[in-house]
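Colleague: This is what each chain is made of:
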Amino acid sequence: MTGLFSEVFLSALLFGAVTAAIPLLLAGLGEQMSEKAGVLNIGIEGMMLAGAYLGFVGAFYSGSLWLGFLTGAAGGVAVALVMALLCVRIGLNQIVIGIALTLGLEGLTALLHHFQFSRSYPRLPAAEVTVIPLLSDIPVIGPALFKQHLIVYLAVALVFGMGYVYRRTQLGLNLQAAGDKPAALDVAGIDVVRTRTVAVLTTGALAGLGGAYLANVGAGLFIPFITNGAGFLGIVLAMLARGRPIWVLFGALLFGVCLSLTTAMQVAGINIPTDIIQMLPFLAVMIMLVLFGRRASLPAALGIPYERGAR
Amino acid sequence: MSIDTAPTVSATALDATSGAATRRDILHRLLMTLGPILAALVIAGCILLAVGVDPLAYYGYVLEKGLFSPLGIQQTLTRMAPLLFLAAGLIVAFRAGMWNLGGDGQFLLGAVTAAASAPVLVQIMPAWLALFCSFLIAMVVAMTWSLVPALLRAYQGVNEIITTLMMTFLGTSLANVLVKLVFRDPGTTVPQTRTLPVEDRLPRLFETTITSGLLLGLAAIIIVHLVMTRTAFGLKLRIVGANPRAAVHSGLGVPGLTIAVFAISAGLAGLAGAVDIIGVQGNVRADWNPAYGLAVIPAVFLARMNGFAAIGFVFLLSVLSIGGESAARRLGVPNHFTLVLVSIVLIVLALAEYVDHRYSQSRKA
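As given, the protein sequences belong to chains A and B, one line each in that order. Heads up, the first sequence is in this note's numbering, so the first residue is 1 and it goes up one at a time. Heads up, the second sequence is in this note's numbering, so the first residue is 1 and it goes up one at a time.
It is worth saying that the hints were derived from the structure and are not from the lab. Glycine residues also receive a C-beta, built at the ideal position from the N, C-alpha and C atoms. Keep in mind that the hints are not guaranteed to be accurate.
Unchecked claim - A few chain A residues that face chain B, going by a derived Cβ cut-off under 7 Å, partial list only:
| hint | residue |
| --- | --- |
| 1 | 90 |
| 2 | 96 |
| 3 | 103 |
| 4 | 107 |
| 5 | 114 |
| 6 | 232 |
| 7 | 236 |
| 8 | 286 |
| 9 | 289 |
As the list claims (entries may be wrong) - Derived lysine to aspartate or glutamate pairs resembling DMTMM-like cross-links, with alpha carbons at most 25 Å apart:
| hint | chain 1 | residue 1 | chain 2 | residue 2 |
| --- | --- | --- | --- | --- |
| 10 | A | 147 | A | 7 |
| 11 | B | 180 | B | 207 |
| 12 | B | 364 | B | 353 |
| 13 | B | 180 | A | 275 |
| 14 | A | 181 | A | 191 |
| 15 | B | 364 | A | 307 |
For reference, chain A alone in the conformation it holds in the complex:
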């Protein structure tokens, strides 16, 4: 058993946790913005899949990971555009459209993968890491936290950036109002539909980026249904975080540890069926909900399309 808790193992476990947490973090931050503005974005799973597929395609054909991230984010935005048009602009039911988009993107990406890659299953080379000097020399956490791809640091920086936007800027206030009292925002002379559209498109970009990270850095390839519920986990994180980006980060890391534990235990040959280990993160959420659920608060106008003059 000593090997199990060796420095190398712990470090690998943490590294895996961060890798697993980043897509969840990006999805959770994106969903948080939508929910803040009053749009329950159930299509986020579909946006992540679009991002994963297009991100992989972009990185594979161009050979550049960064271009892959860009195409991935663009894919997420494309799906978000449909969502914004249907649910924000003309006010169709967000849950129907969200589920339909998720189903459609699941099918579409799997279909395209089948015709494009199913015979060769191409892989991307391992992602380059950016080593942060000094910090990366710390035992255990150094190699795990400070030898990651640059986008990981950017994603963490984004947490603080979004915290700033929400608390200190006009845009942050507008978003909050669009979710809590859209009519008041309208009276203040600010377009509710535009504010919500900005939020949904940002969600798309972040979810797409998360998907691209999942495929390009996490797995190195695209397989159908690769997100496997990561978008739904993002929704949960956003709801638990009560509008604070920092809590999305903590939640994503907790999930990341659970997911990484799953792989690590399999590698270590511990004889627990994978199905039981796979239940861990969800069990963790349910326990968190039972303990802290009462405090999960949601914007008042969440899920309700805004129509000027409607009672």
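Given the coordinates of chain A, work out where chain B should sit on it, guided by the hints.
Modeller: Only chain B this time, still in chain A's reference frame:
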């Protein structure tokens, strides 16, 4: 009580008694359904063209296999049985304003417990009683599974969208654990439960391969529809759905009703699993997850939570999925295309309803 101020589902939730629809209305609705479906087929056809498949050949197979061939239509009608139960469960939940998105977990746990109990029970009691008991066990297990989200929503106000989603992920894994570790058939190398002999399954209808589960499903959804639209209990649930605060003020025991809604909804999902196993599959294989629930949710919405309309949409879903499966085998288009098709149909139908609504409103004004 001001129902009008209630958001989201209220508008559709309370105008349930549209029984006196004239023939003109029915014709209109039929047009408003078939038109968008045609449009969706054209859009999806463009995707098929893009990947180099002849859309006409594909749709030809879908129609032939899903609708017009004797075997195909029988399969389609058989597929409807579990979907009808799921739809019935969703109608109860959605009309009461509760988002039970955990149908798949409840479905699978119901399926696994039915598959585990039925082959054992048929050996010790008459077949009909054994099947009845298996149905009952599946229902109770699924109901129990929904208890956590129900209690959290009823007494803590925790949003049920997250909890039911989480429970469905947990339920899927738990169902696999049960199949692989607890109820595994020792007689086979493949991880699956004991197989219920064909002669002990639900009887088939007349000389066909259609399962009699179809009748059970139809009965379930019609009963649910009538209970929701014609009874005091149904009215209470609709009031809770339309405006929970008003429901509290009018003296309804909202927590109790919430738990009842979850129990009925999950129980019906569990029955859906049982009817699929006892009627059709006979056993549960490891990692089996047809994921019916996610496609049924938008269908129930488009049916405006009306039981009879839901039957129509479930039929459409079945034709698409059975037809899509065989077209996939013949033309080399992976089955995933059915998902794309269903998704486009749902979106176009939702759009058409919006346009129709706007049009009729502007005419009134």
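Colleague: Run every hint past the structure and note whether it holds.
Modeller: Hint check results:
1. 90: 6 Å, holds
2. 96: 5 Å, holds
3. 103: Hint holds; residue 103 of chain A Cβ to chain B Cβ min 4 Å, cut 7 Å.
4. 107: Holds, because the Cβ-Cβ distance from residue 107 of chain A to chain B comes to roughly 3 Å (cut-off 7 Å).
5. 114: Residue 114 of chain A check passes; min Cβ-Cβ to chain B is 5 Å, inside 7 Å.
6. 232: Given a least distance of 5 Å, the restraint on residue 232 of chain A holds.
7. 236: 5 Å, holds
8. 286: Holds, because the Cβ-Cβ distance from residue 286 of chain A to chain B comes to roughly 5 Å (cut-off 7 Å).
9. 289: 6 Å, holds
10. A:147 to A:7: Holds, at about 16 Å.
11. B:180 to B:207: Violated: residue 180 of chain B and residue 207 of chain B sit about 36 Å apart, past 25 Å.
12. B:364 to B:353: Between residue 364 of chain B and residue 353 of chain B the Cα gap is close to 16 Å, so the pair holds against 25 Å.
13. B:180 to A:275: Distance ~9 Å between residue 180 of chain B and residue 275 of chain A Cα, so the pair holds.
14. A:181 to A:191: Holds. Residue 181 of chain A to residue 191 of chain A sits at ~13 Å (cutoff 25 Å).
15. B:364 to A:307: Distance of about 19 Å is within 25 Å: holds.
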